[in-house]
Amino acid sequence: MRTFSVAFDIVALNTVISDSLAYGFMSQWVSFAATFMVVAFLSLRHTIDGKPRAIGYRLDPDFGRLSILPRRPMKYQLLAGVFAGISTLSYYVLAGQSDASAVLPYGQLVVIYLLLGDLMADKDTPTIIEIQCITSILLGVLLVGVSPGGFDLITLLIVLVPLNLTSAFFTFYQKKSKRYEIRPGLKVDSLNMRLWSLLFLNIAFSLPAALMITPTGWAEMAQAFVPLLWMMVGSSLTAFFSLVMYVRALGRGSMAVVNSLSSISVVLGIPVTLVGNFLLPGGFGNITSDTFLWTLKIFGVILVMIGVFALQGSDVRSIMLLRVKPQTGDLLPLLWEIKGVESASALAGGIDYLLSVKSRSLAKTRTQILKRVQHVPGVASIHTLIVLREYR
Amino acid sequence: MVGQITAYVLMKIDIGSTEDVVDKLRLIEKANKIAVTTGEFDVIVRLEVDSLEELYDITVRKIHSIRGIKETTTAVVEKMVTSS
Numbered sequence: 001m002r003t004f005s006v007a008f009d010i011v012a013l014n015t016v017i018s019d020s021l022a023y024g025f026m027s028q029w030v031s032f033a034a035t036f037m038v039v040a041f042l043s044l045r046h047t048i049d050g051k052p053r054a055i056g057y058r059l060d061p062d063f064g065r066l067s068i069l070p071r072r073p074m075k076y077q078l079l080a081g082v083f084a085g086i087s088t089l090s091y092y093v094l095a096g097q098s099d100a101s102a103v104l105p106y107g108q109l110v111v112i113y114l115l116l117g118d119l120m121a122d123k124d125t126p127t128i129i130e131i132q133c134i135t136s137i138l139l140g141v142l143l144v145g146v147s148p149g150g151f152d153l154i155t156l157l158i159v160l161v162p163l164n165l166t167s168a169f170f171t172f173y174q175k176k177s178k179r180y181e182i183r184p185g186l187k188v189d190s191l192n193m194r195l196w197s198l199l200f201l202n203i204a205f206s207l208p209a210a211l212m213i214t215p216t217g218w219a220e221m222a223q224a225f226v227p228l229l230w231m232m233v234g235s236s237l238t239a240f241f242s243l244v245m246y247v248r249a250l251g252r253g254s255m256a257v258v259n260s261l262s263s264i265s266v267v268l269g270i271p272v273t274l275v276g277n278f279l280l281p282g283g284f285g286n287i288t289s290d291t292f293l294w295t296l297k298i299f300g301v302i303l304v305m306i307g308v309f310a311l312q313g314s315d316v317r318s319i320m321l322l323r324v325k326p327q328t329g330d331l332l333p334l335l336w337e338i339k340g341v342e343s344a345s346a347l348a349g350g351i352d353y354l355l356s357v358k359s360r361s362l363a364k365t366r367t368q369i370l371k372r373v374q375h376v377p378g379v380a381s382i383h384t385l386i387v388l389r390e391y392r
Numbered sequence: 001m002v003g004q005i006t007a008y009v010l011m012k013i014d015i016g017s018t019e020d021v022v023d024k025l026r027l028i029e030k031a032n033k034i035a036v037t038t039g040e041f042d043v044i045v046r047l048e049v050d051s052l053e054e055l056y057d058i059t060v061r062k063i064h065s066i067r068g069i070k071e072t073t074t075a076v077v078e079k080m081v082t083s084s
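Chains A and B supply the protein sequences, listed in that same order.
Reading the first sequence from the start, the letters are residues 1 to 392 in the working numbering.
Reading the second sequence from the start, the letters are residues 1 to 84 in the working numbering.
Excised from the complex, chain B in its bound form (with noise of 0.2 Å):
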């Protein structure tokens, strides 16, 4: 838990990908969430990392390498209250 990164990716998707783009999202060891939208975004996925260069790593050479997402945001958590 402590030291760790939490990033969240909110992605557009080409029409039709999202089920691919979902199962290759699934094989990410650290996205311990995925979730399929309406709105804005298509697919926001919640990323758990040790650190920035491992979360560049994941978003870089994982992320942008998955044919159909359209655009990406990753916004890095600076603080987050939860209740688990």
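Chain A on its own, in the form it takes in the complex (with noise of 0.2 Å):
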């Protein structure tokens, strides 16, 4: 979904608009009327295991209806859309010179900075796969970028600093977002969030975009509105669909690995580039014919694809049985406050809870997760059980 999100993008810009910021205004504008529609649409409610619900539960089981989101999680989306924004008007100026196969893989650099947000957030040293995932995904990147001249240096920071480093605010807050119980079992949804953080996106892309662009642009933006409508609708759904996914996906996983699952997008961005402009000729770009220049793109998309799915396939699984002294309380919400908790059962029987948790190596699990276990009063015995393998 996102590559063709992206194609919607790159095609646009190609063949009808030259402008891309004034592009972007119109589309990420059109986007949020567009997903404000879907949202009113999945409030409608009809009936689901016998139970009135919105049609959007199907989405999202915390979905009730479009609504305003309470205060905390309100001010991380606030937050995260002024990163997104500022995210956002870096892609738009990348894609205003770059094709979809080299916009792909620009975004994935993210995964480099949540990993390492992760790692001081712990107060943590790397693993030696970490490492590797951050020296392959870097070196990808910077393969991907090349161009005929050499590396163009202004891209690479547009890419390096506003936008993944804002991208990975933006997922910060977004996770902080998902995880908030607005009462016990229910969670702000994923819907209602994409909602408003794409209103706080696109005013904080829309102040600096609107100074930025030129007089020429606005008047494109006046001619080619309507015959893009359909173009930006069409990238608006399948982005929209896709963030939803990825933002109930953030609830569950971390953060660096979700972002690393995403990463598939990549390798679809060089066909879809090269048979795009074969069946739309420029529609896709200038591409270079350069076989040796393609050749490397190729590897930097592998060195990428590489880095994530490393990353992605390190986790360490591992299930804890607590029982607890006599006269202790609830511990659930300690428990569940320990990162790397993905979920806290409280039992009925011989063992009190059952923690499923996560980690990115054996050791971590140790240092990281058990060693806080420990530490929460109460606790008299943990058995911690890896898992090998995992059915579901």
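Everything hinted at is true.
Per label pair, the in silico range of CB-to-CB distance:
id	chain 1	residue 1	chain 2	residue 2	range
1	B	Q4	A	F309	28 to 36 Å
2	A	G149	B	N32	51 to 59 Å
3	B	V60	A	H383	24 to 32 Å
The hints are simulated quantities; they were obtained by calculation from the structure and are not laboratory data.
Where is the CB? At the ideal position from N, CA and C, for every residue including glycine.
Dock the two chains into a complex; use the hints.
Next up, the structure:
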């Protein structure tokens, strides 16, 4: 979905409108209008499992209807939106000068920042796998960005700082929102999150963009609005559903891993660009015919993919069985607060609590998670079972 | 989601029977997660059922009849906090 969303943008920029910021301005607000209508439609009620529920319940069981979020998650959405606005501004600047095969891998650099963010938050040293992933992704992105004249320094700077650093902050605040409990058992839904973060994103993007768009750009925008409307709606809808799924996944997994899974879009960038340009000459940008350059780009994509999949594959899952001392109160909130705990269950019977935990290595399970569980007051014994294989 | 009962069945398995047991457990529709583990227990299954009657039915009639399971401990979830 992400590939097609980027492809829509690249085709529009190469065929209908040349000012990428003007296109972005128009596209973002059409996207907000389309998202608003989709969320309003998904708020309509019908019977699911014998109960009246919103249609959007099927997409996210936490969704009730289009609504204003509670104060704290709304604050997170505001911050996420501001960072995403800066990232989006960078994206449109890049989209105006690159093809889809380059723009997609550029976005994967966010994985590195998320990984570094996790390491800094945990005051932890990186594992060999993490160093390998960071190196592989960084080299891959550098290779993908290679142009006939060498490396484009300005592009690389945009990719390294505003595009991905802000994107990492966006992911961080989205994850914080998704984990916020409105009341026991009910979390903030990903549909309303997308709607509100998009509004804040558009405001943060539009203010600088409006100053940077030239008078010709505004004129182009007025002319291109009708011909591009369906393309923008198509791009918005694909982006909406991919982001809703992404946010739901974020609530479940670590930020770096969820982002690494979304990297599958990188592989599709090259065939979409080449086939697209064959079907619609010039529609996907000025494609170089230098086979050596394409070979380097393919090497770059492979390196990015190796990096992100290695990160995903290095996860270690464990189950911790806890018994507590007599007269210990409810430990569920304290256990749930521990980073790496994916689910915490209070049980009836001989075992008091079961924790499902995930970390990037066995050593980290011990240092980052087990030690913290041991320090929870009232815990009498812990049995850690390492998951060798898991079926869902 | 609402009204569902979640339970974990923790199992000790006869040596060499893990693969066969897991294959049979995977046929149980309400077993939404099966983990093969090291340590005190060999296999842990998470069941999501509509009632205690159904939990009884699955544990007693289905799980207990699988050859190779040495011992089971069933723990019903009173409260769960999860990000999914």
